[in-house]
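Protein chains: 2
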Amino acid sequence: MTLSNQTSVSEVVQKASLAKHAAQRMNMLTTEQKNEALLKMADALVAEQASIISANEIDLQRGRANGTSESLLDRLALNEKRIAAMADGLRQVVELPDPVGDLLEQFERPNGMLVRKFRVPLGVIGMIYEARPNVTVDAAALCLKTGNSVVLRGGSAALDSNRRIVEVLHEALASSAMPADALQLIFSSDRSSVDEMLKLNGLIDVLIPRGGASLIQNVVKNATVPVIETGAGICHTYIDESADYEMALRIAINAKVQRPSVCNSMETLLVHEAFAANHLAALAEQFYSHHTELRGDERARQLASGMKAASEQDWDTEYNDYILNVKIVSGLDEALAHIRNHSTMHSECIVTEHAGNAERFLQEIDAAAVYHNVSTRFTDGFEFGFGAEIGISTQKLHARGPMGLPALTSTKYVVTGNGQIRG
Amino acid sequence: MTLSNQTSVSEVVQKASLAKHAAQRMNMLTTEQKNEALLKMADALVAEQASIISANEIDLQRGRANGTSESLLDRLALNEKRIAAMADGLRQVVELPDPVGDLLEQFERPNGMLVRKFRVPLGVIGMIYEARPNVTVDAAALCLKTGNSVVLRGGSAALDSNRRIVEVLHEALASSAMPADALQLIFSSDRSSVDEMLKLNGLIDVLIPRGGASLIQNVVKNATVPVIETGAGICHTYIDESADYEMALRIAINAKVQRPSVCNSMETLLVHEAFAANHLAALAEQFYSHHTELRGDERARQLASGMKAASEQDWDTEYNDYILNVKIVSGLDEALAHIRNHSTMHSECIVTEHAGNAERFLQEIDAAAVYHNVSTRFTDGFEFGFGAEIGISTQKLHARGPMGLPALTSTKYVVTGNGQIRG
Numbered sequence: 001m002t003l004s005n006q007t008s009v010s011e012v013v014q015k016a017s018l019a020k021h022a023a024q025r026m027n028m029l030t031t032e033q034k035n036e037a038l039l040k041m042a043d044a045l046v047a048e049q050a051s052i053i054s055a056n057e058i059d060l061q062r063g064r065a066n067g068t069s070e071s072l073l074d075r076l077a078l079n080e081k082r083i084a085a086m087a088d089g090l091r092q093v094v095e096l097p098d099p100v101g102d103l104l105e106q107f108e109r110p111n112g113m114l115v116r117k118f119r120v121p122l123g124v125i126g127m128i129y130e131a132r133p134n135v136t137v138d139a140a141a142l143c144l145k146t147g148n149s150v151v152l153r154g155g156s157a158a159l160d161s162n163r164r165i166v167e168v169l170h171e172a173l174a175s176s177a178m179p180a181d182a183l184q185l186i187f188s189s190d191r192s193s194v195d196e197m198l199k200l201n202g203l204i205d206v207l208i209p210r211g212g213a214s215l216i217q218n219v220v221k222n223a224t225v226p227v228i229e230t231g232a233g234i235c236h237t238y239i240d241e242s243a244d245y246e247m248a249l250r251i252a253i254n255a256k257v258q259r260p261s262v263c264n265s266m267e268t269l270l271v272h273e274a275f276a277a278n279h280l281a282a283l284a285e286q287f288y289s290h291h292t293e294l295r296g297d298e299r300a301r302q303l304a305s306g307m308k309a310a311s312e313q314d315w316d317t318e319y320n321d322y323i324l325n326v327k328i329v330s331g332l333d334e335a336l337a338h339i340r341n342h343s344t345m346h347s348e349c350i351v352t353e354h355a356g357n358a359e360r361f362l363q364e365i366d367a368a369a370v371y372h373n374v375s376t377r378f379t380d381g382f383e384f385g386f387g388a389e390i391g392i393s394t395q396k397l398h399a400r401g402p403m404g405l406p407a408l409t410s411t412k413y414v415v416t417g418n419g420q421i422r423g
Numbered sequence: 001m002t003l004s005n006q007t008s009v010s011e012v013v014q015k016a017s018l019a020k021h022a023a024q025r026m027n028m029l030t031t032e033q034k035n036e037a038l039l040k041m042a043d044a045l046v047a048e049q050a051s052i053i054s055a056n057e058i059d060l061q062r063g064r065a066n067g068t069s070e071s072l073l074d075r076l077a078l079n080e081k082r083i084a085a086m087a088d089g090l091r092q093v094v095e096l097p098d099p100v101g102d103l104l105e106q107f108e109r110p111n112g113m114l115v116r117k118f119r120v121p122l123g124v125i126g127m128i129y130e131a132r133p134n135v136t137v138d139a140a141a142l143c144l145k146t147g148n149s150v151v152l153r154g155g156s157a158a159l160d161s162n163r164r165i166v167e168v169l170h171e172a173l174a175s176s177a178m179p180a181d182a183l184q185l186i187f188s189s190d191r192s193s194v195d196e197m198l199k200l201n202g203l204i205d206v207l208i209p210r211g212g213a214s215l216i217q218n219v220v221k222n223a224t225v226p227v228i229e230t231g232a233g234i235c236h237t238y239i240d241e242s243a244d245y246e247m248a249l250r251i252a253i254n255a256k257v258q259r260p261s262v263c264n265s266m267e268t269l270l271v272h273e274a275f276a277a278n279h280l281a282a283l284a285e286q287f288y289s290h291h292t293e294l295r296g297d298e299r300a301r302q303l304a305s306g307m308k309a310a311s312e313q314d315w316d317t318e319y320n321d322y323i324l325n326v327k328i329v330s331g332l333d334e335a336l337a338h339i340r341n342h343s344t345m346h347s348e349c350i351v352t353e354h355a356g357n358a359e360r361f362l363q364e365i366d367a368a369a370v371y372h373n374v375s376t377r378f379t380d381g382f383e384f385g386f387g388a389e390i391g392i393s394t395q396k397l398h399a400r401g402p403m404g405l406p407a408l409t410s411t412k413y414v415v416t417g418n419g420q421i422r423g
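Here the protein sequences line up with chains A and L, keeping their order.
Note that full-length UniProt numbering has the first sequence beginning at 1, numbered continuously upward.
Note that full-length UniProt numbering has the second sequence beginning at 1, numbered continuously upward.
The reader is advised that the hints may include incorrect statements.
[To be verified] Cut-off 25 Å, straight-line C-alpha distance, at most; resulting in silico cross-link-like pairs (DMTMM-like, lysine to aspartate or glutamate):
id	chain 1	residue 1	chain 2	residue 2
1	L	117	A	11
2	A	117	L	196
3	L	221	A	333
4	L	199	A	316
5	A	199	L	353
6	A	199	L	359
7	A	117	L	195
8	A	199	L	11
9	L	308	A	380
10	L	117	A	102
11	L	199	A	318
12	A	117	L	353
13	L	308	A	98
14	L	221	A	316
15	A	221	L	195
16	A	221	L	389
17	L	117	A	190
18	L	308	L	334
19	A	117	L	359
20	L	117	A	95
21	A	117	L	102
If you are wondering where the hints come from, they were derived from the structure by calculation, not from laboratory data.
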């Protein structure tokens, strides 16, 4: 396709059109062909690591000139070890079972026609993200493995790295059965290229945003293409009256401090008043020793020293940091009510030895994942054993919770017969 | 909930809030409790049929005064027989298996935690429709059976009928375990009430539009709440060179004329040039005898008399009427290309005795339902044996094709353990 005469067509439309056209061939590839292509991609990343690192250096220099924080620069930085990890990620996706072509249902109707329901690729997936360059490889691997085309729109901070990475992957695909056009990267870092993707019904089948709350909300609010919403997690742990102290401590500390920056970490700890009377002071000390700021309601602050006062807004805040809200509740009912009012319904935990209370919590809390005596930090595709994770869906349509490869597929009914007509 | 002091809160927000609150109780009802409530609803419709017919008479009078067509008035009209059919529909939904609570997956992880995935209700479903009052009962039955609350926004032409029907259903629910608030009807016939529903993230979990293309496109284009798109069908039948004439005739006639007004009827017939040379004239006569206007490409018009010329726009038009496009193709490749360019990917059929061509068609056409030697008219929840149909999804997320009760559910991961934390 020569694009020289098509100056009126935007980059986004051009690339999405190429991706859609390639999706037809993608849909026909065998698992072996797809795996072979992914392995070539992995090898190419390693073989071309010097040029990728050079491109990455341009991003880093621009970042430094723009005053980007050291922690963001560290996320952006690529080196041989990180590129090897990206290649390993590709090889791991090769090992995963291919869901495409799976026969999900089969039934014969009284008129003799056979109805079969197969898994098929979604078609063209639009990924909008802002994170590290490894997301570029990760998203490409998962989408291509499932027979989809993918249009990637990464953050401008990593643009040079992403361009070189995709160039390398395209070169690898040239000697494979997989059409290179199935993998598209939008070069424009203009906000309008995102806006355009959001409305590209007919060329993009599904949008998956990955990143901070404002990126995701922009996609959810403005897209006309169907979206899989991922991300925001205001997660609670409720320590019930009967909870084992050691277990409650272990779970609460893990849920907060093991990695505070992620969506399945805890933001608010709810503590039964009787448990709190005995243990809150000691529990608070443990959090302080993990450099965690506590913001308590009035009763919590009476029971443990060193807490700030929690504001109304705090209960609805995803800190992603070493900050934790603490609220004393009179029992399960108050805990359930608080969670219903303030949760994003991502991951919610009860610590209790009381089977009935556990059962009620697991039944009544309508979150993507509910936990009894297990840290919320396990809401994760790898921890669930999926071998991959596209993200954690916080919506109720299509997929909910950690998404593995099947979340990147749709279905198709195939009906065969010998002349059946409807009466 | 007293609403007298809340004059600033709109009807839509008030009712959606009540529905959301009721969704908590809905989620806890047993199948028996839900079925008992549906049976009471069925009995109440029959017991109160006189008042429903009176309310319907008001709608009919208004419709006549407004110059509504006889066919639309006929769709709107209720009588004892139609009310009995609505009640029977409710009783049939009672007989269907309840998908809520189904255990879909279960696995133990190496750390000993047990992960189970259960079906749960979606929560609050917003139904926006314009059709006959029976949709009110039908949608309520399917949503409530699956443990959802539902906010109904029907067409203004049926408002008095719908109001009385919902009043009767509410009275029936008062003596059941099901909260009456789970069933809400928006009275406002102002367009703004639809606009408001489309943006009600947090109160409405999913929107399902049912109706004409403009209604559905308005919802798809403007909603920020996730949507299940239903409806539009530009369906093709391709008669291959090797097709059996009698079978091809039977399927093509059935796909077009058995009920032209529905989405799974055929709009365009593609005919292999060799088959057309032998049979198109006879085939055309059969369509004429069924009062069907034919619009052909140039070659079709050379082979059969009486056809109008098809315009470019005709290939992209869903007639829902006794009009059919006819195009002659040189073979399977051209047929596939035409379908890819003009189909809404709803239902597509090949009539052939050639196994390889059938296989290619079924594999390469990415529609919700693909057919070999079977009329497209079977894309239907009842015909597929689902016992119900919420609609036919034409999108690729969540559900695709005819949607039975499971399409009105989401899932939840339930994780249980004995103190597992992430390392």
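Checked hints:
no.	hint	result
1	L:117 / A:11	violated (41 Å)
2	A:117 / L:196	violated (36 Å)
3	L:221 / A:333	violated (40 Å)
4	L:199 / A:316	holds (21 Å)
5	A:199 / L:353	violated (42 Å)
6	A:199 / L:359	violated (34 Å)
7	A:117 / L:195	violated (35 Å)
8	A:199 / L:11	violated (30 Å)
9	L:308 / A:380	violated (60 Å)
10	L:117 / A:102	holds (20 Å)
11	L:199 / A:318	holds (23 Å)
12	A:117 / L:353	holds (22 Å)
13	L:308 / A:98	violated (48 Å)
14	L:221 / A:316	violated (30 Å)
15	A:221 / L:195	holds (14 Å)
16	A:221 / L:389	violated (29 Å)
17	L:117 / A:190	violated (41 Å)
18	L:308 / L:334	holds (22 Å)
19	A:117 / L:359	holds (15 Å)
20	L:117 / A:95	holds (24 Å)
21	A:117 / L:102	holds (20 Å)
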